[in-house]
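S.K.: Next come the chains, spelled out residue by residue.
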Amino acid sequence: MRIKFFPFFLILLFFIIFFIFYKGLQNSNIYTPNIKLEVDVPYFEIKIFDTDKMINSDKIFETDKFYIVNIWASWCIPCKEEHPFLMSLSEYKNLEMVGLNYKDNSAGAKNFLKEFDNPYKTILADTDGTVAIEWGAYGVPETFLIYKKKIIKRIIGPLNKDSTLEIKRLLK
Amino acid sequence: MKFLRYFIILFLILNSSLLNAQNIDLKNKITKNLRCLICQGQSVYDSDSEFANSLKTLVEKKLQEGNSEKDIYDFLKEKYGEWILYDPEFNENTYFLWILPILLFIFGGAILFKLFIIKKN
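As you go down the protein sequences, you meet chains A and B in turn.
If you count the first sequence from 1, position 136 lands on 136 in the working numbering, and the numbers rise without skipping.
If you count the second sequence from 1, position 87 lands on 87 in the working numbering, and the numbers rise without skipping.
Quick caveat, the hints were computed from the structure, so don't treat them as lab data.
A virtual CB, placed ideally from N, CA and C, is assigned to each residue, including glycine.
Every clue listed holds true.
Within a straight-line C-alpha distance of at most 16 angstroms, the following computed EDC-like cross-link-like pairs (lysine to aspartate or glutamate) qualify:
1) K27(B) <-> E65(B)
2) K61(B) <-> D128(A)
3) K103(A) <-> E50(B)
4) K79(B) <-> E134(A)
5) K32(B) <-> D48(B)
6) K29(B) <-> E60(B)
7) K61(B) <-> E45(A)
8) K77(B) <-> E134(A)
9) K62(B) <-> E134(A)
10) K148(A) <-> D58(A)
11) K79(B) <-> E38(A)
12) K62(B) <-> D128(A)
13) K70(B) <-> E82(B)
14) K61(B) <-> E134(A)
15) K79(B) <-> D40(A)
16) K62(B) <-> E45(A)
17) K59(A) <-> E96(A)
18) K149(A) <-> E38(A)
19) K36(A) <-> E82(B)
20) K103(A) <-> D48(B)
21) K36(A) <-> E78(B)
22) K77(B) <-> E89(B)
Among the chain B residues that face chain A by a calculated CB cut under 8 angstroms, a handful are:
23) N53
24) S54
25) T57
26) K61
27) K79
Stretch-level coverage of chain A by chain B, calculated; a stretch enters the list once three of its residues show a Cβ under 8 angstroms from a Cβ in chain B:
28) 123-130
29) 136-148
Starting from the given sequences, assemble the full structure and let the hints guide the process.
M.R.: Structure representation (structure tokens):
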């Protein structure tokens, strides 16, 4: 009886391990981030684009309006794709658009805005990318909708028709 | 007096470069334990993506501000979740992961003990 138990145990163990790995094979290996919402806006100090003036986040989000923080760069191709959606959002009176210019050079960014028009009320210059990390951002473009200093919606990657509609619905 | 002055200057230079070297070592150690979230299977240390480079700059800044290794991990965990750390922490999700090797070791040891020591006696 005792002799038979050991091989049986080994086979069982093999099947358990096989089952775990087989299940694991079916999992997606593409990382999808957990988006935490209703988080407070991070505190940061940053240079205003094309000036030497510094501003902090308390000052940027001081009113009770909605805010869009859009991380963009002139070298980012998807940013061009989402630009018309940002322009359409900039027409809303209860929404203030804040652009976070990510690791860009000033001339390139200015050209970009000249060519495609400027949807932003305030542009901030994140020259070394550390402010984007404060936001927990993955790269460009990325968009945050803020209300009462809380992040209520976050879009990783370029805005599209659906996400823009969803933002517009939230604005009403 | 002159000798003392030179000595102090030399001491300060050496000390600051030593401190810098320590910071660089610590920065490398930390960035090796951070997962580059937008690359596949690379640490922040190995990657040259914009995301990884920003993180390297941030770690350097935080170290200069006097933050400890744990402070930096905690900060990044809050921003990106525990996934950013290569070294998983001991919590309810990782009990199995941490305890399994110990259990296997004890179990295997017991089998060997039974086979060789007890049988011999």
